[in-house]
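Engineer: Please put together the full structure from these sequences, using the hints given.
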Amino acid sequence: MKVYTKTGDKGTTALFGGTRVPKDHARIESYGTVDELNSHIGLIRDQDMNAHYKEILIEIQDRLFTVGAILATPPDKEVKKNGELRLKNLGIIDTDIELLENEIDAMEEALPPMTHFVLPGGHTTVSYCHIARCVCRRAERLAVHLSHNEPVAEIAIQYLNRLSDYLFVLARKLSHDLKADEVQWIPRK
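Sequential numbering from 1 applies to the sequence shown in the UniProt record's numbering.
Honestly, the hints are just simulated from the structure, not real lab data.
Accuracy of the hints is not assured; some may be wrong.
[As the list claims (entries may be wrong)] Computed beta-carbon distance windows for the label pairs:
no.	residue 1	residue 2	range
1	62	148	24 to 30 Å
2	36	149	18 to 24 Å
3	149	52	25 to 31 Å
4	82	55	33 to 39 Å
[Unchecked claim] Below, simulated DSSO-like cross-link-like pairs (lysine-lysine); rule was C-alpha separation at most 27 Å, straight line:
no.	residue 1	residue 2
5	23	10
6	2	23
7	54	6
8	23	6
9	23	80
This structure is a prediction, so every number in the text was calculated from the model and none was measured.
Every residue gets a Cβ at the ideal spot worked out from N, C-alpha and C, and that includes glycine.
Structural biologist: Written out as structure tokens, the structure reads:
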């Protein structure tokens, strides 16, 4: 099988189920941004850090493939002609969100309370987390935008929302672990 198909040469691409849409369609923007996020998380995972964080990041990357598949499947193509679900055995479930919440809670126990906004930076790994957090927020906004016009599984949007929180707290925890400077933004008086 060749990597190039030439089917997208005129600016369209196929969703799961075969429906062709323009490459700038809201559905493509949405799952394309989830793919971009997944790549950023891979970059974070490639950094020198606690093995537990790497395990969680692998789990997150797996879940992001699922979120992408959900977003790439138009509602009218969720069921195949034979009656079988197109994304059989795929989905985001409550325990996926609970995992992120539990990880956030555990990391926050080891951190001092926040008193101001945190400026991104202090260490390359921390900066990668903040970039991923911003891409995650964009993915969430695009999924919400898509949901205004087409049905989107609410749990996929919830997962992206919680994931951005996780990435923010991971950035803070890595700042702490790496003894990096966490600079808090203080408004001018």
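Engineer: Confirm or reject the claim that residue 149 and residue 52 have a C-beta distance inside 25 to 31 Å.
Structural biologist: violated, 40 Å
Engineer: Quick one: are residue 62 and residue 148 within 24 to 30 Å, going by C-beta?
Structural biologist: At roughly 28 Å between Cβ atoms, residue 148 and residue 62 fall inside 24 to 30 Å, so the hint holds.
Engineer: 18 to 24 Å was suggested as the range; check whether the CB atoms of residue 36 and residue 149 agree with it.
Structural biologist: holds, 21 Å
Engineer: Could you check the hint for me, namely that residue 82 and residue 55 are 33 to 39 Å apart, CB to CB?
Structural biologist: Hint holds: Cβ distance 37 Å, inside 33 to 39 Å.
Engineer: Would the hint linking residue 23 and residue 6 be met if the CA-CA limit is 27 Å?
Structural biologist: Distance of about 14 Å is within 27 Å: holds.
Engineer: Could you grab the alpha-carbon distance between residue 23 and residue 10 and see if it respects the 27 Å cut-off?
Structural biologist: holds, 9 Å
Engineer: What's the verdict on residue 23 and residue 80, does the C-alpha distance respect the 27 Å limit or exceed it?
Structural biologist: holds, 23 Å
Engineer: Take the C-alpha atoms of residue 2 and residue 23, compute the straight-line distance between them, and say whether it is at most 27 Å.
Structural biologist: Since the Cα atoms of residue 2 and residue 23 sit roughly 20 Å apart, the hinted pair holds (cutoff 27 Å).
Engineer: Straight-line Cα separation of residue 54 and residue 6 no greater than 27 Å?
Structural biologist: Status violated; Cα separation ~37 Å.
Hints 3 and 7 from the earlier list are contradicted by this structure; the remaining hints agree with it.
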